[in-house]
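*Asks:* From first to last, the protein sequence lines are chains C and Z.
Residue numbers for the first sequence follow this note's numbering, beginning at 1 and rising by one.
Residue numbers for the second sequence follow this note's numbering, beginning at 1 and rising by one.
Honestly, the hints are just simulated from the structure, not real lab data.
Treat the hints with caution; some may be incorrect.
If several chains are the same, the list does not tell them apart, and a pair holds so long as it fits within one copy or across any two.
Listed next, the in silico DSS-like pairs over lysine-lysine satisfying Cα-Cα at most 30 Å (straight line) [claimed, not checked]:
1. Lys62 x Lys372
2. Lys15 x Lys44
3. Lys235 x Lys304
4. Lys166 x Lys235
5. Lys163 x Lys372
6. Lys297 x Lys235
7. Lys217 x Lys11
8. Lys207 x Lys44
9. Lys207 x Lys11
There are 2 protein chains.
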Amino acid sequence: MSHLEQSFSVKFEYKIFFTSSLFDTGNPIFSDFFKGRPSESVRKIFFVVDQGVADTHPDLLKDIKAYFTAHQDVQLIEHVLIVPGGEASKNDPILFEQIVEAVNTYGIDRHSYIVAIGGGAVLDLVGYAAAVSHRGIKHIRIPTTVLSQNDSGIGVKNGINYKGKKNFLGTFAPPASVFNDDEFLTTLTDRDYRSGISEAIKVALIKDPEFFYWIEKHTQQLAQRDTDTMNYLIKHCAQLHLNHIGGDDPFETGSARPLDFGHWSAHKLEQLSNFEVLHGEAVAMGIALDSAYSFLKGMLTEEKLLKILNVLAALSFNISDPIIQINDQQSPILLGLSEFQEHLGGLLTITLLTDIGTGKEVHEMDHELLIKASAYVTAFTQHYTSQNTIKH
Amino acid sequence: MSHLEQSFSVKFEYKIFFTSSLFDTGNPIFSDFFKGRPSESVRKIFFVVDQGVADTHPDLLKDIKAYFTAHQDVQLIEHVLIVPGGEASKNDPILFEQIVEAVNTYGIDRHSYIVAIGGGAVLDLVGYAAAVSHRGIKHIRIPTTVLSQNDSGIGVKNGINYKGKKNFLGTFAPPASVFNDDEFLTTLTDRDYRSGISEAIKVALIKDPEFFYWIEKHTQQLAQRDTDTMNYLIKHCAQLHLNHIGGDDPFETGSARPLDFGHWSAHKLEQLSNFEVLHGEAVAMGIALDSAYSFLKGMLTEEKLLKILNVLAALSFNISDPIIQINDQQSPILLGLSEFQEHLGGLLTITLLTDIGTGKEVHEMDHELLIKASAYVTAFTQHYTSQNTIKH
């Protein structure tokens, strides 16, 4: 027996730019990105846009065309593909085919760019199609929701659903660049706007206590959609996510997923609600449940738990929706544990809290204690609602 | 304007093992691989086997089952998927679906393994399906042809064809491990056996003059299928390929593809022949053409060119098949230049020779000189054939 060994490292680098009015011809940031990477060949650029964004920004396509008439660093492909937003875009294999077909039709090569403008689901779909076309076409993300600007849109994962299973097909493929434009946030519904805050609360709870206390102090400004407050939240949350990804295991070869705090139940209840519950809303419910479980397990003080629940409630998250309630051992939410384990592969690994800002991994969850945790959150909500009804 | 920066490196490591009778229960090498990567969870292993290999090795599936009965490091999934071999396996999207479906049906997670046994095309198909399932299931390659053992099977690329375009969908995804078993080579046809030698000649011509002269000295043993000689050729060629991949640009972000020496015409003529010409045969023809072109361009001496053509002829490669002949500007082979450029993206970049063992990149090819190079190779073959007919 003999063998040869292969060993090499691949370096990945990209930037997340923060701006307003990205496609205003007077804004050089997008054009400068291409000027900073000169090329001897003609580079094409192809846009895929979330239907919801195109609807709420009726001038967007016109602005994009005007931008690339003024800035000819890359050659705009006139046809812009519009795809439905939300989870629907990841469920329909035809949309994947349409993007790959465009790569073929327009001769988009590995030196060209595919840009996605939209929420996290559209970015995931387009990122996947770009990653597997010609073994990887450069992909630029322009996230348009709070959730995608602070979390899903700035990371290295993409994917589509397959046979009803979330992200069954996908890759780890860092983007060429990300552009966060705060103007896109102005047209979000209150529900979409606020739901994106839960991932910031989540990452604060496992990584950064000061950030949690900052959020606690600013719930009112966030609820009132103050631009500067939200810009700070997004940028700080993005930095925490980048730090995590750039850590030990960017492509997640192990079983641990600390960033998935609160997510085992969230994934399940999104599915149980037929995705009527938004991802961020589901994560808020999952955070409440696993924080209450951490307290009942003796890991977290009740004082800290109540701080967490109060922040979620102050931001109007409905953390005791009947769909998240675990009333008995037959509750369908509990199936989320085994599905989460299958998704991770290997051992069940759940992150709980020992303090605000400190996560701890466990490998089993006590169903009876989860039933009690769910009841605790429901009782808290009843109390909170009655208190706040009396106050106002 | 402000921005955040992301930067990280991902390390990739794998081994290529050389053995005989891999699935003999007395051979510990495969079992040892799993013992060397202990895991707390149950790891499954799923096999996809090239139809041609299953046909010529009728005991293979039985041997695999016996092996995993004796060595229970991983849990064998009893169902083995058999897929057609050759380029057909990359043209049929149903086969991709079947592998993904198996991942779903058998609950194959990111800690489990998918093994492909077969020629390069089957390895490409299975590698792609594994790379995108759950964002990357560990993939083991067991190449069964000379070509895949010394070249395609040991690298980091996978892919399937789409709309008639080679490798239109695919990724860069290093395997978990590669096992080269020389027993698989014994059942190859002479044509398959010899065709794999052309990639060794190619890499020798651009990287390693001593290896070329070694091949020149051993053409007779290779033509007679001497096992030790072939084992040396495969291992040395594999090492040269690994060195190249592990160099500056493992995931080929630039335009240069020195390993594609002789390939721009080879890809086109495979397609023109409806893949009746084997890849290795096409590469031999492409090497002859671009070597003759290098001589006519004044880059390579005629003495060195003749050494190259003599080695190819001694190995019975038909380097002047009518299909590779370029008789005029309308020759369909010439379209291969623009298709190769599209495939690379960016500038046309062709590697030529300035010496045996030394490549040089050029960015244009003179069609008139290609017509002359083709005529040179044809005249050489006529002369070689008449000489050798007289001799014997």
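*Asks:* Within a copy, between copies, both or neither: which one fits Lys217 and Lys11 at a CA-CA cutoff of 30 Å?
*Replies:* Neither: 39 Å inside a copy, 42 Å across copies.
*Asks:* With identical chains, the pair Lys15 and Lys44 could be close in the same copy or across copies; at 30 Å between alpha carbons, which is it: within, between, both, or neither?
*Replies:* within (20 Å within a copy, 39 Å between copies)
*Asks:* How do Lys62 and Lys372 come out at 30 Å by Cα distance, when the copy is not named: within, between, both, or neither?
*Replies:* neither (55 Å within a copy, 52 Å between copies)
*Asks:* Could you figure out if Lys207 and Lys44 sit no more than 30 Å apart (CA to CA) within one copy, between two copies, both or neither?
*Replies:* neither (40 Å within a copy, 34 Å between copies)
*Asks:* Should Lys235 paired with Lys304 be assigned to within, between, both, or neither, using CA atoms and 30 Å as the limit?
*Replies:* Cα proximity of Lys235 and Lys304: one copy only (25 Å, versus 61 Å across).
*Asks:* Using 30 Å as the alpha carbon limit, work out where Lys297 and Lys235 are close: within a copy, between copies, both or neither.
*Replies:* neither (33 Å within a copy, 57 Å between copies)
*Asks:* Checking Lys163 and Lys372: alpha-carbon separation at most 30 Å within a copy, between copies, both or neither?
*Replies:* neither (33 Å within a copy, 56 Å between copies)
*Asks:* I want to check one pair: Lys207 and Lys11. Are their C-alpha atoms no more than 30 Å apart within a copy, between two copies, both, or neither?
*Replies:* both (25 Å within a copy, 25 Å between copies)
*Asks:* Within a copy, between copies, both or neither: where do Lys166 and Lys235 come within 30 Å Cα-Cα?
*Replies:* within (27 Å within a copy, 42 Å between copies)
The structure fails hints 1, 5, 6, 7, 8 (numbered hints given earlier, in ascending order).
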